[in-house]
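Please dock the two separately framed chains into a single complex, following the hints provided.
Letter by letter, the chains look like this.
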Amino acid sequence: MSQGLSIRQVSKIYPHPSGEVRAVDNVSLDIKSNEFFTLLGPSGCGKTTLLRMIAGLDIPTSGSIILDGKDIAPLPAYERPVNTVFQSYALFPHMTVAENIAFGMKMRGRPREEIEKSITTSLALVRLDDKAERKPSQLSGGQQQRVALARALVNQPKILLLDESLSALDYKLRKEMQIELKRLQRDTGITFIFVTHDQDEALSMSDRIAVMEKGKISQLDGPQEIYHQPSNRFVASFIGICNFVKATSLGLSESGDIGFRPEDAVFAQGVPKGKIYAGGTLNHITYRGSVTHYLVQLDGGEVVTVAEDDPINLKAGDRVTLALPPERLIRCAA
Amino acid sequence: MSSPAGKRAWLLSPFMFLMGVFFMLPLVLIVGYSFMTPQETGGVMMPLTFEAYTKIFYETDFDGKKVFDPSFLLVCWRSVKLAALCTFLCLLAGFPMAYYMATRPPAQRNFWMMLVTIPFWTNLLIRTYAWILILRDGGLINNGLRGLGVLAEDQSISLLYTDFSVGLGLLYSYLPFMVLPIYSNLERMDWKLVEASADLYANRWQTLRRVTIPLCMPGIIAGSILVFIPCIGSYLAPQMLGGATYMMLGTKIESLFGAAKDWPFGSAASVALMATVMIGLMIMSRRGGLKELV
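Chains as they are written, first to last, in this note's numbering: chain A, -17 to 316; chain B, 1447 to 1740.
Next up, chain B with everything else stripped away, as it sits in the complex (with noise of 0.2 Å):
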């Protein structure tokens, strides 16, 4: 242990132990069960195989013959759909909120940022059941309606298991990831520049357009990525608020898993979802791009 390259290597054991264990690992796994066989009980055996792929685009008909079947890719495509709607909903809050904060005299700034991390103090789990009370038939809104006369005594609107639910419990999940990284760059912002927009005959509005959301990219792209990937793959809030038949990437791989016991075709869906997210990246990336917004 004297020889300083022995040295590095024992101080970076740490580190390459918990990138292996906590980072690779699990990848390793999942890509290898991925080219496996399925035991019956769950689980994988030998041999190797193609087969999980295949089965994200075709199905084994009783005659033995693999048809095409598109239901796995709706729930990728839906899974896409909805967290970029969610992406861009969050934005769409998340910047004026992010805005209020970052504008308000320094004091006062830290209690709001209290508010908006407090819901991290307790389980997202709690978080979800809670809209649940809220949207389902005998729940805030519906009762509070018919309390109000709006709604009959029989009737209510469904509002739990739809698109809506999961969409908002997806935008009420993710909002603070897009708070947090466009309040602190716009906290850290050099607000001079926008008084020097306001002297060179901008209005407010093409303030915000040229200077400081461009100002802002940096903060907005870190922001979508956040809320993005892990709306993806969402599990609780498809699981909760969608019903049992709702189905989203995180909830498909789930039943995988879980119900059809078909691990390996659970981690061709994982790693369809990893290759799912990269592409939505790739494509925000260039959309959100930089150049073209400004």
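For reference, chain A alone in the conformation it holds in the complex (with noise of 0.2 Å):
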């Protein structure tokens, strides 16, 4: 219990013309030492509120947030032991890489001689040691974003608050930073708490999820349990791409909705065992590269997408058959 961050039943209200906005809606959750937590979901779920909440740049409007067993939610930014990498990196632009760096060790008065071997060792964590005197504006977007997390790290914060920290740079750095970041929280042991709404970026790093939605938290999970078992239709359509169809469709006696996901359906000739399989007419075919997306609609009506790795000799127009096995099928509430 006295380990880690809890959060308390929180909220943060905004007023409004037409009554009042809930950001955050009484939200609780618990986040232990050590782990890589990630909060997704879309815009406007709350998810950076509640990060701002954490870092002291938000206020609660009610609820705690209990910090290794001290409740953190009244003291300002500058008094908590958090530090934020933020989305448009916010480094000093009048100061050098080194200044920015030293900025947050020299506010809490460290002496001299510590500061200046931190810069050396975090210049090196982020691999830029040659880059201290230059000033941000001379840096690279990829740069920027390791001084921000060296400006940040170098004060061993007890958590680090990402908000959607990869957003700006482009395909390849991001994939590259992902595998970064995930070797500085292992070689750290820091906390991370890592805002997105990119859900390749929450499911490649995450040790756990929340799915937020609505200012509310819809699912908290592992990556595994979040993208195949998700807990309800707003998890399972946002996390990747997922297919609902009624279960008759799928010749099942239930009522209500079943899903699949696109890449657990493949392409069946006759009847096959121990599968469950529906009957359908072969629409498109989208080519994405490491995979072909086919668009199928079923003798029910309803379209769905299968995914294949290999392309599969057919073409639109083509009678085909989807067989499923009956594990994958996702079955959760509205």
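Calculated directly from the structure, the hints in this document are not laboratory data.
One thing to keep in mind: the hints can contain errors.
With a straight-line cut-off of 30 Å between C-alpha atoms, the simulated BS3-like cross-links for lysine-lysine are [stated by the list, open to error]:
| no. | chain 1 | residue 1 | chain 2 | residue 2 |
| --- | --- | --- | --- | --- |
| 1 | A | K140 | A | K157 |
| 2 | B | K1638 | A | K99 |
| 3 | B | K1638 | A | K88 |
| 4 | A | K198 | B | K1638 |
Here you go:
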């Protein structure tokens, strides 16, 4: 109970002409020490507001934020052992890279030798040893990102908060930074709380993910559970593609809808044993490099997406049979 | 007019004309007059002479001997001192005003901007005259204090025609010129940097000193220049709120052209004013400049 971060019934309510906006609505969650925790959700779901309340940049309307047994909710940002990597990095443009990194330690009155040593270590940690005297404007986006990381990590915070920190980078750099972030988290042993709307990023980096919708947590689980056992339709559709069809369309005798992932369905010859199957007509083929997406109109009328790794010799208008392993079917609340 | 060079010259000519008439000509005339001989009735005549410049430092006594006279230099010094003090006070008052305005919601900012600019809708002469009505012995302040019983009926505090009234008049006249550049700088500032500073353990004062003020330096310097330069040569405030004997560079120059009818000396004094401004700016840019303040 005493270690880690515990968020207890935290709400953030903004006044609004038409009533009020509950940006974060009575959220409770526990984040363990040394965890890579992700807050995932569409824009406006409250994930950034929750992060800002942990940082101390927003004050909760109600509730408590307990870090290692101490309620930090009433503390101003500059008294919290927590540091943030901002979406736009927010590097101080009038300071060099070294001065940026030294800022936090200087404000806490650390001795000069310690600061100098920490600057060297943290520049090495983010592999920018030769950029100490540059101004942020002389660095590339990826380098700025790493300075922002170093500036936060050098203070050895109990928690590092990352606010959509990778979204400004291009695809290749983003993939590199995902691995880099994981490495940094492992090496430093600091709890990372990562905010993103990118489900790929969330799945590939996190120990646990909280999917948020409209100020509430929809599901809190490991990446595999979130993907394969989504607790409701919002989570299932937000994370990757999920086909939802009537159970009867798959020849099942239950009521309600059944979901399945495009890659779990295969095209079958004849009637496969031990699988659930459905007939349909191929509507459209989209080649996407590593996979090919096939749009199939089931005989029940619904259109579903099927993903295959290797191109299959089919063309639009062909009759197909889909086979689905029963254990991969998704049954969840609407 | 068909060749590109000719077309270019033709298109540039309005610019050149305006530059010549509005910027160069008056300056050249002033410098030229300062090397000429005064006419009894005002105006200038030949021959060319350095006489006007020697009058800055020396006075000719009854025997025709030149003796060192510091009175003009003292006027210079007083002007620089008062302008520097006024710039400093404008900064002290203007920065918090600009900060407050820039941190309001956008809709409210326009309202505050309007309040700051409304005085420009009317003439400075009239607004300075209003200060006479406020400050004089029978004015708003003294009458108010009498009404409150702080002063007896026959008592009054002399506020008008003092250093205080001149300083107040200058502060009043030039405060908007400090507020506006700082405000526009703060309004464009990335406030995420202030949040980053707080996130990195800097309290409000540390954030102000280490982040906000350094980032606001261009606005502060622009505001200081916009206040300092007109202040040093200001005419209205010392003339109206300082009284007949109160001399600053602006009023001194006016009296040389007017009452004394010594145009060359007046022109030389104007050149001296320009030199003083330049020296003042150089000192300010070195002092207020940049790294040391951060």
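message: I'd like to know which numbered hints this structure contradicts. Please list them from smallest to largest.
response: Result: no hint breaks.
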